[in-house]
Amino acid sequence: MPELTYREAVRDTLATAMRQDSDVFLMGEDIAEMGGSMGVTHGLVDEFGPERVRNTPISEIAIVGAGIGAAMQGMRPVVEIMYEDFLTLSTEQIVNQAAKHRYMSGGQLKVPLTIRTQGGAGWSPGAQHAQQLEAWFVHIPGLKVIFPSTPTDVRGMLWSAIYDDNPVIVFEHRLLYPVKEDVPEKLEPILFGEARVVREGEDVTVIATGPMVHRSLEAAEEAGRNGVSVEVIDPRSLQPLDEETLVTSVKKTNRCVVTHEAVTRMGFGAEVASVIQYQAFDWLDAPIERVGAKFAPLAFAPVMEQFLIPDSEDVLEGIYRTVGRKRNGD
Amino acid sequence: MPELTYREAVRDTLATAMRQDSDVFLMGEDIAEMGGSMGVTHGLVDEFGPERVRNTPISEIAIVGAGIGAAMQGMRPVVEIMYEDFLTLSTEQIVNQAAKHRYMSGGQLKVPLTIRTQGGAGWSPGAQHAQQLEAWFVHIPGLKVIFPSTPTDVRGMLWSAIYDDNPVIVFEHRLLYPVKEDVPEKLEPILFGEARVVREGEDVTVIATGPMVHRSLEAAEEAGRNGVSVEVIDPRSLQPLDEETLVTSVKKTNRCVVTHEAVTRMGFGAEVASVIQYQAFDWLDAPIERVGAKFAPLAFAPVMEQFLIPDSEDVLEGIYRTVGRKRNGD
Amino acid sequence: MAKVEAKKKGLSDERLRDFLREMLLIRRFEEKVEERFKAGELPGFLHVAIGQEAVAVGVCAALEEDDVIASTHRAHGHTLARGTSPNAVMAELYGKLEGCSHGYGGSMHLYDVERGNLGANAVVGGGLPAITGAALAFKFRKEPRVALAFFGDGATNIGTFHESMNLAQLWNVPAVFCLENNWWAESTPNSQHSPITDFTQRAVAYGMHSIKVGGQEVEPVYDAASEAIDHARRGDGPVLLVVDTYRLVGHYVGDPQVYRPKGELQKLRETQDPITKLRGRLGLSDEEWEQLDGEVTREVEESVEFAKNGTDPAPEDALKNVYA
Amino acid sequence: MAKVEAKKKGLSDERLRDFLREMLLIRRFEEKVEERFKAGELPGFLHVAIGQEAVAVGVCAALEEDDVIASTHRAHGHTLARGTSPNAVMAELYGKLEGCSHGYGGSMHLYDVERGNLGANAVVGGGLPAITGAALAFKFRKEPRVALAFFGDGATNIGTFHESMNLAQLWNVPAVFCLENNWWAESTPNSQHSPITDFTQRAVAYGMHSIKVGGQEVEPVYDAASEAIDHARRGDGPVLLVVDTYRLVGHYVGDPQVYRPKGELQKLRETQDPITKLRGRLGLSDEEWEQLDGEVTREVEESVEFAKNGTDPAPEDALKNVYA
Ligand SMILES: Cc1ncc(C[n+]2csc(CCOP(=O)(O)OP(=O)(O)O)c2C)c(N)n1
Ligand SMILES: Cc1ncc(C[n+]2csc(CCOP(=O)(O)OP(=O)(O)O)c2C)c(N)n1
Ligand SMILES: [Mg+2]
Ligand SMILES: [Mg+2]
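As given, the protein sequences belong to chains A, B, C and D, one line each in that order. For reference, each letter of the first sequence is one residue, going 1 to 330 in our numbering. For reference, each letter of the second sequence is one residue, going 1 to 330 in our numbering. For reference, each letter of the third sequence is one residue, going 1 to 324 in our numbering. For reference, each letter of the fourth sequence is one residue, going 1 to 324 in our numbering.
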């Protein structure tokens, strides 16, 4: 079982796909010699050359669109958008084009495009370099949206994204790149629509995405020490969503906290909470707690930034609120 | 009390503001002689001239951005984006710039920009001319988002939008333009964050936006004939959101249906349902129903389009589901 | 910019007659669309390409079978010229399963992937990046194919145009950007949307080769398009092909055109009709003309019959084709 | 394109000394920023403008007090040159309330509205549309003011650049687009991001007036900027001002620059340092130089002290300033 960081797991998957399949290629700003602004694609240009590891101009809408065009010809492009904030420049092509070509053509076309992007606060990048916008894309029929939180998951799911015949947006997270894990010797594809029960528990279900999975595990440990048994589930793919696993868990625990780093208001947690309250209504013993970023852009000064984004303490408080007791039992 | 259509109400507000205030001007594609693709600004160029009723190139990101620049100089530009679908081209400027300049400058700047747009299905415009994307913008701190459903509301709220010192996105709806109503003689500003109780009732609260307000009223009438008393509430402003009025109503009726024309998944109803289940948990007698568009792009063929978008029947079914009985009492 | 003289290699009269037939078919098709829309039979809204038939026909004739195109909101002409049958197009406008997009698309989303039509786009400029990407795929695979985007003068004002042109030239892909300059973007005249009138200037920003040609005579259009397409196919890089033309109708069917200078339309219809011009060039007798017109008119009538007899989708079909 | 000769009206030595002082202040400020970042004192990430000081100083000196600018991710130089104190800039980099954005912005979001600085933008090209809009407001109000956007060569590839240029020229607003061409966009060289090397070609697409000047000597920069700004202020329309310059450091502080050809940097530092050039031009003695350097170095040191002694925002301050 090799140990890989999340960053290496992404790179390994890209390299493996490119080795076996000449239809797979990469496009993105500074992904060649520089390896992307997060170093994820480091070294790939040496193995695959600048044609298949293509540096692009700063043209977020055209590179996504070029990916669409190449994908419609049967290639499997992987486009990197350096920061989620810049996805806002590509939304037209993602939402009106990639998501709809198949539908508008009455099934004639496929768009096997993968868009990788990353974001995330916690290192003072400022208000235009850390937004989490995954919720937007969950609203758009025709797209698939994944947000893997571990090396193993990103390896298996990125693989599935590349080989999915639909456009898939892969949300990575800046602070997850150094996370290490033993991963299976051979890359094992992970299907979309299967949530992962990260930790079993009896009293509260915490549904968490991205970095909040790790922060929730910390909170769960702490809660455990205080006699609250927490189940942590990572949906991993937000679209399609494995509603069944989430609902089954809540039917068992009767309590639920949903958490993500994105702003709470209109965040992905709103959809999850709506699904849970609907399908597990009679099982719920307490209102569903949502733990996300407070309602503000991301401030630069670390003390303000930290205040805005949720940490394990915030999850813990959510857990305690839902079991009806205050921190430390007081 | 003059009778105005929704279209005339918008026009009246724009004209009134422009008459009294030289800082107000309009920009948008084909808004001059043509009056915009929906005829809303018809005639304004005659009164105010082509400088203040500016036809623009097809440059959705630049015209929003130019609006931001003029607004930062203290003008009060009203930018029209012809279809919500094309807002996807402007999202960078809306989300990263308009919404954040005040914050990132630590309070030095104001961006009194109004963005009017419209969308809506029901007339076979196809998949790229009818999306409803209001939910996206509710997720973004720094923006205000309104969706008036009547001539009176759009008149009073558009006025408030123009005179708000923050960027406001005004969602209009294609099928609402011909809706008529007696409106107050003198334009009365309507503050944001005040939901409107459109119809009082005892058994179920229907929270509806845009065209669904009207469809919900039809459903409410029908339900009334079957002995179910329905309260209909229009939040009108989605950001800020008048949570109190919504929650108070549900605490009275103990049942709730949330409805909008946008896709249900990750739509605005998800946020509303999350708020209600949280704040009215102990009062709810049934799961909150969400009634929105089914999960697909908008098909062209009318029979498919109609199938996808919610109508008064769908709301009625939601109402009946929540009161635990089938249509016509069977 | 290369000046294109109508090369005197000359197209055969037979070929030109085929062009005339195709152009007239498009004209009669568009007129029928106007009629049926006004009769309330066609859902949605429609843009017809009356006046621009020589562009669609001249350009599509210059393409090879394996080439691909992307079209715009004004798509009927391009789609017919690329070989989709009037039946399939008309059925789409009626929202039938037999339509070229099986009723999912409509007028602004005509697709025919088998014939290399990657789809019409209702977002102005929306198709240009994908054409660049398709051309990139051809280059990757060393296939001698060309990808061509149709778009209007109004589309040159949008960012996707700029980024696509820049990328295509930078990567030297076999793409042709065919700008149908009809001097209007809806109600907005050239002078209100672009600070230039010679659209080849747009190409200078990328050092891209450009060719300009008048669009009311099909032969020079064909020649210019052939030159552009050959240039791209040879690997010499993408080309901006500017075709100056006229929109002899409103922006959309039913457009009262209040914005259009009085008389402009009448005068253009009299002097700039590409079909009149070609008919004159070929010296068709009234009899020959009647015969041709009769044929295409019947074809169009039949397409309406075909469409009306087509199959309505089932409501639940709307949930199909969301994902592959 | 107008060729700009360094007009021999000539700037006084005194003025040039002021420029040198300003340029050196920026240089020492940037070096201090590198040092403090590497020491782990500065949050986030940073881009310094070493090598491009003559552009910031020459251009900002040509502006009037009422003019406005928008800057980029590489904003320290522009902000200092526009008159914000080193204290306020440094305090912002330390995330303090005394910072020019009160700790909300950071390095890439330096604002100083009082001094006509509408803010630095971390989205490449993000500030250009607003500059067009600000210029439109000046035109509306008949104020003799100019709005100027700084941006890089990489930014010319993004749609906002295209749409803003087109709009500005179309509406003839008093805007200047100041392209600091340092031949790199992060790790991507000119040859991999733009199919042209003479960036005045970009202006041809809009029929916009353009001026090109070398950016390592402050006097011609000042002259060219003055000409561009006057042109815009006179109402003759916007100008693309291309300043060819060099980035004598990595893209961001800490950038190992693996992508940069061996020796390029060394050679450029030896031959293209704008401060060395100006010092030579002024014939400064070692003593004069030491004195000047001592002064600005102290000023920079003091700014660090000021910043470190600044006030941290309260956590809940993060919820302020979301709305006006
Ligand atoms: C991005 C976008 N903005 C606006 C529209 C609305 N619209 C449809 S066609 C059109 C004018 C297009 O002009 P042009 O590109 O010259 O094509 P033409 O109609 O002349 O064929 C506009 C503004 C659109 N479809 N897409
Ligand atoms: C829209 C967008 N895409 C990508 C980035 C990441 N990025 C930051 S600076 C930069 C390069 C900018 O190059 P240029 O405009 O030449 O400015 P320079 O860094 O050379 O000053 C890139 C790609 C960004 N900030 N914004
Ligand atoms: Mg046109
Ligand atoms: Mg650069």
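Rather than coming from a laboratory, the hints here were simulated on the basis of the structure. Don't take every hint at face value.
Not the full set, but computed from the structure, chain D residues with beta-carbon under 10 angstroms of chain B [as the list claims (entries may be wrong)]:
| # | residue |
| --- | --- |
| 1 | E114 |
| 2 | A137 |
| 3 | T197 |
Okay, the calculated bits of chain C under chain B, using three or more residues with CB under 8 angstroms as the criterion [claimed, not checked]:
| # | region |
| --- | --- |
| 4 | 35 to 47 |
| 5 | 77 to 90 |
| 6 | 216 to 226 |
C-beta: ideal position from N, C-alpha, C; glycine also.
Structure-based check of all given hints:
1. At its closest, the beta carbon of E114 of chain D sits 8 angstroms from a beta carbon of chain B; the interface hint therefore holds under the 10 angstroms criterion.
2. Because the beta carbon of A137 of chain D sits about 4 angstroms from the nearest beta carbon in chain B, less than 10 angstroms, this interface hint is met.
3. About 26 angstroms separates the beta-carbon of T197 of chain D from the nearest beta-carbon of chain B, more than 10 angstroms, and the hint is not met.
4. With 3 residues having a Cβ less than 8 angstroms from any Cβ of chain B, the region 35 to 47 of chain C passes the three-residue criterion, so the hint holds.
5. Look at the region 77 to 90 of chain C against chain B: 0 of its residues bring a Cβ nearer than 8 angstroms to a Cβ of that chain, fewer than three, so the hint is violated.
6. Using a Cβ-Cβ cut-off of 8 angstroms, 0 residues of the region 216 to 226 of chain C lie near chain B, which falls short of the minimum of three, so the contact claim is violated.
Consistency with the previously given hints fails for numbers 3, 5 and 6, ordered from lowest to highest.
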